[in-house]
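Given the coordinates of chain A, assemble chains B and C onto it according to the supplied hints.
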Amino acid sequence: MATDAPKKLLEPFFWTLFSAGGVVAALLMPVHIFLFGLAFPLGWIRDLSHTRALALIEHPLVRIYLFVFCSLPLFHWAHRFRYTLYDGLQIKHLNEVITVFCYGGAIIGTALAGYLLLSLP
Amino acid sequence: MTPHEAKGATQYTTYHPRWYRTRVSTYWWLGKWYYLKFVLRELSSIFVAYFVVITLLQIHSLSRGPEAYARFEERMRNPLMIALDAITFLFVLFHTITWFNLAPRAMVVRLGGKRVSEILIAGSNYVAWLVISASVAWFILR
Amino acid sequence: MAETIQLEVTRYSPEHDAAPTFQRFEVPYRKDWVVLDALNYIKDKLDGSLSYRWSCRMGICGSCGMMVNGEPKLTCATFLSSYAPDAVRVEPLRYFPVVRDLVVEMTDFMVKLQKVKPWIIRKEEKSIADGEYLQTPQQLDVYKQFSMCINCMLCYAACPVYGLDPLFTGPAAIALAQRYNIDSRDQGAKERMDILSQHEGIWACTFVGECTEVCPKHVDPAGAIQQYKLTAAKEWFKSLLMPWGAK
Numbered sequence: 108m109a110t111d112a113p114k115k116l117l118e119p120f121f122w123t124l125f126s127a128g129g130v131v132a133a134l135l136m137p138v139h140i141f142l143f144g145l146a147f148p149l150g151w152i153r154d155l156s157h158t159r160a161l162a163l164i165e166h167p168l169v170r171i172y173l174f175v176f177c178s179l180p181l182f183h184w185a186h187r188f189r190y191t192l193y194d195g196l197q198i199k200h201l202n203e204v205i206t207v208f209c210y211g212g213a214i215i216g217t218a219l220a221g222y223l224l225l226s227l228p
Numbered sequence: 194m195t196p197h198e199a200k201g202a203t204q205y206t207t208y209h210p211r212w213y214r215t216r217v218s219t220y221w222w223l224g225k226w227y228y229l230k231f232v233l234r235e236l237s238s239i240f241v242a243y244f245v246v247i248t249l250l251q252i253h254s255l256s257r258g259p260e261a262y263a264r265f266e267e268r269m270r271n272p273l274m275i276a277l278d279a280i281t282f283l284f285v286l287f288h289t290i291t292w293f294n295l296a297p298r299a300m301v302v303r304l305g306g307k308r309v310s311e312i313l314i315a316g317s318n319y320v321a322w323l324v325i326s327a328s329v330a331w332f333i334l335r
Numbered sequence: 005m006a007e008t009i010q011l012e013v014t015r016y017s018p019e020h021d022a023a024p025t026f027q028r029f030e031v032p033y034r035k036d037w038v039v040l041d042a043l044n045y046i047k048d049k050l051d052g053s054l055s056y057r058w059s060c061r062m063g064i065c066g067s068c069g070m071m072v073n074g075e076p077k078l079t080c081a082t083f084l085s086s087y088a089p090d091a092v093r094v095e096p097l098r099y100f101p102v103v104r105d106l107v108v109e110m111t112d113f114m115v116k117l118q119k120v121k122p123w124i125i126r127k128e129e130k131s132i133a134d135g136e137y138l139q140t141p142q143q144l145d146v147y148k149q150f151s152m153c154i155n156c157m158l159c160y161a162a163c164p165v166y167g168l169d170p171l172f173t174g175p176a177a178i179a180l181a182q183r184y185n186i187d188s189r190d191q192g193a194k195e196r197m198d199i200l201s202q203h204e205g206i207w208a209c210t211f212v213g214e215c216t217e218v219c220p221k222h223v224d225p226a227g228a229i230q231q232y233k234l235t236a237a238k239e240w241f242k243s244l245l246m247p248w249g250a251k
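Residue numbers (the numbering used here), protein chains in the order written: chain A, 108 to 228; chain B, 194 to 335; chain C, 5 to 251.
Possibly wrong hints are sitting among the right ones.
Derived DSBU-like pairs (lysine-lysine); straight-line CA-CA distance at most 35 Å [as the list claims (entries may be wrong)]:
hint, chain 1, residue 1, chain 2, residue 2
1, C, K238, B, K230
2, C, K47, C, K35
3, C, K47, B, K225
4, B, K307, C, K238
5, C, K121, C, K35
6, B, K307, C, K119
Here are the simulated distance ranges between beta carbons [stated by the list, open to error]:
hint, chain 1, residue 1, chain 2, residue 2, range
7, B, A279, C, P32, 50 to 58 Å
8, B, L229, C, T8, 32 to 40 Å
9, B, L273, A, R159, 23 to 31 Å
10, C, Q27, B, G316, 48 to 56 Å
11, A, L201, B, W226, 28 to 36 Å
12, B, Y319, A, L116, 30 to 38 Å
13, B, G224, A, G150, 27 to 35 Å
14, B, L273, C, K242, 46 to 54 Å
15, C, F241, A, L201, 23 to 31 Å
16, C, D21, B, V320, 53 to 61 Å
17, C, L171, B, G258, 53 to 61 Å
Honestly, the hints are just simulated from the structure, not real lab data.
Quick caveat, the model's predicted, so the values are computed rather than measured.
Backbone N, C-alpha and C fix where the C-beta goes; we use that ideal spot for every residue, glycine too.
Chain A extracted, bound-state conformation (with noise of 0.2 Å):
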């Protein structure tokens, strides 16, 4: 029985926030970027226009929607890339750096679409 507790990890929270953009990027980026990325500029289908853009996103659950659907895939990147780095470049000096690197940029990422989202008319 150890008489001080083993360090309280944020690991598992990270994990779950992985899992959880992996989740949300598997079942919902295919179609955006087949749509946003290759049939609308493609036109192999006629593209939003921006009035009917601005009317879909005005709906409260649309921008909940593109909120999940922008933080959390940003989550799944982070702890992914944290990893890859740290085992890829074998780099544990730098390990400090790499997490700030990672899940700052997420942070900032998810701090950005709340921002927009909660700013459009």
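Chains B and C only, in chain A's frame:
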């Protein structure tokens, strides 16, 4: 006990002859197709983050008015952009497929004492994916 | 006229060599021979100084793990016919220090195995008079796959995370911890969670999955680790939201 540097001479440590430790190459992942697939799977997360950035730019341009939005769409039509988006699409598809195929290993579902087959769990993920994708597409295009 | 096959075997004697070298041997090729038979032939007839571990020669003791043509294999279960007529390269198990020839130093694994407490932990033991700990076939089925581990360490040789970070607890140790966690007779899950929910425990694993590919007993250590991560995450949120519910 540090790895040896000297050549030839026996280097006894306090308790045993010098062990030999091989250094792991930075390119360990090129040694096998399975490892390469793993690294590509991990790199797909970069493309996921990239498209989130594109989406953020899209929302930003929406809020700036019709001219900004038109400029955004113009940039999306750039052939280099389309090529990049095509590659992004393939990598994110790769993420989707590997994710659904691996998920059953992490989530064991037991019904009536017996483990539900992994193919069933993965299959239901794919069905959900198709249904959700169709719903999103319908919502955007209707 | 008899067919032969070439074996390229790692030789390393710390008294004479600075680094391992290869030595070629020509051994008879028999269709039913495994790599271990070829190694035994070398030791019997060609070079008695060749050192390697083996015991049961039937894939249950886990002693004879080595790299055969770059893949972690049990040499008693790897047939020469899979490689003939090409030469077969036999090297010591990867990611472990080499003691001599094909023998590796496995203390690191033994230490980690012990660390995860792979035995039934009870808060209170039943007295003898109360009888055995009963278990239904369904309860056995829950952990049976993970109990098949023969401690052969092929999964460690396959795991790039272990190769890059020797502090990593490793596939077999974590799978065995999980085997006891989900055993209905065990009450030590919290104790093991404290030990394994650490950076060099389950969280270092990135689900490469190669450990499962090479396991000769189909234990699926990768699956065990991911299940453990899910349990650890649930426990983390539970302890956050309901700290008074701690056992």
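Here is how each hint holds up against the structure:
Of the supplied pair hints, the one linking K238/C and K230/B holds, its CA atoms being roughly 30 Å apart against a limit of 35 Å. Our distance criterion of 35 Å between C-alpha atoms is met by K47/C and K35/C, whose separation comes to about 20 Å. Restraint check for K47/C and K225/B: satisfied, since their Cα atoms lie roughly 32 Å apart, inside the 35 Å limit. With a C-alpha separation of about 23 Å, the suggested pair K307/B and K238/C falls inside the 35 Å cut-off, and the hint holds.
Using a Cα cut-off of 35 Å, the hinted pair K121/C and K35/C is violated, with the two alpha carbons roughly 43 Å apart. Straight-line distance between C-alpha atoms of K307/B and K119/C comes to about 31 Å, which keeps the hinted pair within the 35 Å bound. Restraint check, A279/B to P32/C: a C-beta distance of roughly 56 Å satisfies the suggested window 50 to 58 Å. Under the hint 32 to 40 Å, the C-beta atoms of L229/B and T8/C, about 35 Å apart, fit the expected range.
At about 27 Å, the CB distance of L273/B to R159/A agrees with the hint of 23 to 31 Å. With their beta carbons about 52 Å apart, Q27/C and G316/B fall inside the hinted range of 48 to 56 Å. Remark: the range hint 28 to 36 Å for L201/A to W226/B is upheld by a beta-carbon distance near 29 Å. At about 33 Å, the beta-carbon gap between Y319/B and L116/A stays in the expected band of 30 to 38 Å.
In this structure the supplied range 27 to 35 Å is violated for G224/B paired with G150/A, their Cβ-Cβ distance being about 44 Å. In this structure the supplied range 46 to 54 Å holds for L273/B paired with K242/C, their Cβ-Cβ distance being about 49 Å. A beta carbon spacing of about 30 Å between F241/C and L201/A agrees with the range 23 to 31 Å that was offered as a hint. At roughly 59 Å, the beta carbons of D21/C and V320/B sit within the given window of 53 to 61 Å.
For the hinted restraint 53 to 61 Å between L171/C and G258/B, the CB-CB distance of approximately 55 Å keeps it satisfied.
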